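Asker: For the record, the sequence lines run as chains A and B.
Numbering-wise (my numbering), the first sequence opens with residue 1 and increments by one.
Numbering-wise (my numbering), the second sequence opens with residue 1 and increments by one.
Please note that the accuracy of each hint is not assured.
What the simulated footprint calls covered on chain A by chain B, stretch by stretch (three residues with Cβ under 8 Å from a Cβ of chain B suffice, anywhere in the stretch; the number is not a length) [said to hold, decoys possible]:
#1 39–53
#2 105–112
DSBU-like, lysine-lysine: derived pairs with alpha carbons at most 30 Å apart [stated by the list, open to error]:
#3 K78(A) <-> K57(B)
#4 K102(A) <-> K73(A)
#5 K70(A) <-> K9(B)
#6 K57(B) <-> K73(A)
One-sided excerpt, in silico: chain B residues whose CB lies under 8 Å from chain A [what the hints assert, rightly or not]:
#7 F10
#8 G58
#9 V60
#10 P61
#11 Y64
#12 F90
#13 G108
These are computed hints drawn from the structure, not numbers from a lab.
Everything numeric in this text was worked out from a predicted model, so none of it was measured.
No residue lacks a Cβ here, since even glycine has one placed at the ideal position from N, Cα and C.
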Amino acid sequence: AQTVTQSQPEMSVQEAETVTLSCTYDTSESNYYLFWYKQPPSRQMILVIRQEAYKQQNATENRFSVNFQKAAKSFSLKISDSQLGDTAMYFCAFLIIQGAQKLVFGQGTRLTINP
Amino acid sequence: NAGVTQTPKFRVLKTGQSMTLLCAQDMNHEYMYWYRQDPGMGLRLIHYSVGEGTTAKGEVPDGYNVSRLKKQNFLLGLESAAPSQTSVYFCASSLGGHSNQPQHFGDGTRLSIL
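With the rest of the complex left out, here is chain B (with noise of 0.2 Å):
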C-alpha cells in the first residue's frame, strides 16, 4: 500500500539551477496538495489541485509552477531555486468533494539551496 510517494527524497541544488518534485497518489484522490515546513513553522500550502488539469494557489505559491495532468501525479517545479526555498517539502492527496476523509501526506523531501 503506497499511498503517497515523493521523489526524490533528498536534493541538493545550487541558486539558479531548476527541479522538479513528483507527487504520485495511487488512491484516486481528487485533491492533492504541495506544502513547505520551515523550522518553528507549521506547514504552509504552496500549490494545490481539485483535478486532473486544474492548479490553483496556496498560501506562498511565489518562486514555484505545479502541474496536474494526470489524476495520480502532482508535481513542483523551482524554475531559479534560491536559498529561500531550501525547505522540507510535503505532498499530501485526498478524496475532496463531500468527503470528511483526512489528507494523506508523504514521507516529504528534504530541498537545500546552496
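Chain A on its own, in the form it takes in the complex (with noise of 0.2 Å):
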C-alpha cells in the first residue's frame, strides 16, 4: 500500500519569505506522479505542481519548486516570495499511473503567510 507523510501540521512565515514544506512517501511502485494542492479557505483544491517519477528533473512553476528525491521518497515544496494569497492548507499527493489512479494524500500542512 501507498503512504505519504507530511511530517509539519502548520508553518507560518512572513510575507516574501521563502518557505519549504515536507513530504515523503512510501511505495513500491517505479511509475507514479506526485503532486501538491493548495486548499485555501474557500475549500477549493488546486493543483500546484506535479512531478512525474521518470523525470529526474525537478519540476517548477512560477514561484513554486520541488525537491524531488526519489532514493529517499521524499517531495518537498518551496515557495519562493511568498505572498497572503499562498495561505492555505498544502497537501502532497501520489498517483500510480496504471490501473484506477486513485490519489493518496498526506495529512495536510496549514501554511499562514503573516504580512
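Hints given; two lone chains; assemble the complex.
Answerer: Listed below in C-alpha cells is the structure:
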C-alpha cells in the first residue's frame, strides 16, 4: 500500500520569505506521479505542481518548485517570495499511473503567510 | 466552464436519514471519484468509477453506495446517516486511461449528521 506523510502540521512565515513544506512517501511502484495541492479557506482543491517519477529534473511553476529525491522518497515544495494569497492547507499526493489512478493524500500542512 | 459541480454545498441530516450527493462533470472524463475530508487528515477515497456503469470501493467505503448510470454523473448515497459520516465530501474526475492529466475537484459538500 502507498502512504504519504507530511510531518509539519502547521507552518508560519512572513510575507516575501521562502518556505519549504516536507513530504515523504512509501511505495514499491516505479512509475508514478507526485502532486502538491493547495486548499484555501474557500475549500477548493487547486493543483499547484506535479512531478513525474521518471523525470530527474525538478518541476517548477513560477514561485513554486519541488525537490524530488526519488531514492529517499522525498518530495518537498518550496514557495519563494511568499504572498498573503499563499495562505492555505497544502496537501502532498501520490498517484499510480496504471489502473484506477487513485490519489493517496498526506495529512496536510497548514501554511500561514503573515504580513 | 463548469468543470466539476457538486450538489448540494451544505446539508444537515438527522441520524438515520438518507440522502444522495450529486457530482456532475462536463469534461467528458472517464474516471470519477468520491473522497471525504476530516479534520487533521487528507482526503480519503470512498468509491470510484473508471467508466459509465462501473464502480469500485476505495479506502473507506462502508456506509456509502455509489452509482454511475451516466458518464457525466457520479452519485454518492448514504442509506442511513451516522454522526461518523459528518465530513466534507469532494468529488473529482480525470481523463483516466493512459492520460497523465490530473484530477479536477469540485468545491466540496459540507455534511453534518446530528
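Asker: Does each hint fit the structure? Answer for all of them.
Answerer: Hint check results:
1. Residues of the stretch 39–53 of chain A with a Cβ under 8 Å from some Cβ of chain B number 7, which satisfies the need for three, so the listed coverage holds.
2. Coverage of the stretch 105–112 of chain A by chain B holds [criterion: at least 3 residues with CB-CB distance below 8 Å; count 4].
3. Restraint check: the Cα-Cα separation between K78(A) and K57(B) comes to about 35 Å, which exceeds 30 Å; the hinted pair is violated.
4. A threshold of 30 Å between alpha carbons decides the hint, and for K102(A) with K73(A) the separation of about 19 Å falls inside it, so the pair holds.
5. Distance hint between K70(A) and K9(B) is unfulfilled; the C-alpha atoms sit about 39 Å from each other, more than 30 Å.
6. At most 30 Å may separate the alpha-carbon atoms for a hinted pair to count; K57(B) and K73(A) meet this at roughly 27 Å.
7. Checking F10(B) against chain A by beta carbon gives a least distance of about 11 Å; that is not within 8 Å, so the hint is violated.
8. The closest approach between the C-beta of G58(B) and any C-beta of chain A is roughly 7 Å, which is under the 8 Å cut-off, so the hint is satisfied.
9. Violation of the interface hint for V60(B) is found here, the shortest Cβ-Cβ separation to chain A being roughly 12 Å, above the 8 Å cut-off.
10. For P61(B), the suggested interface contact is broken, since its CB lies about 12 Å from the closest CB of chain A, more than 8 Å.
11. The closest approach between the C-beta of Y64(B) and any C-beta of chain A is roughly 16 Å, which is over the 8 Å cut-off, so the hint fails.
12. A least Cβ separation of about 7 Å between F90(B) and chain A falls short of the 8 Å threshold, and the interface hint therefore holds.
13. With 8 Å as the threshold, the beta carbon of G108(B) comes within range of chain A, its nearest partner Cβ sitting at about 5 Å, so the hint holds.
Of the numbered hints stated above, those contradicted by the structure are hints 3, 5, 7, 9, 10 and 11, listed in ascending order.
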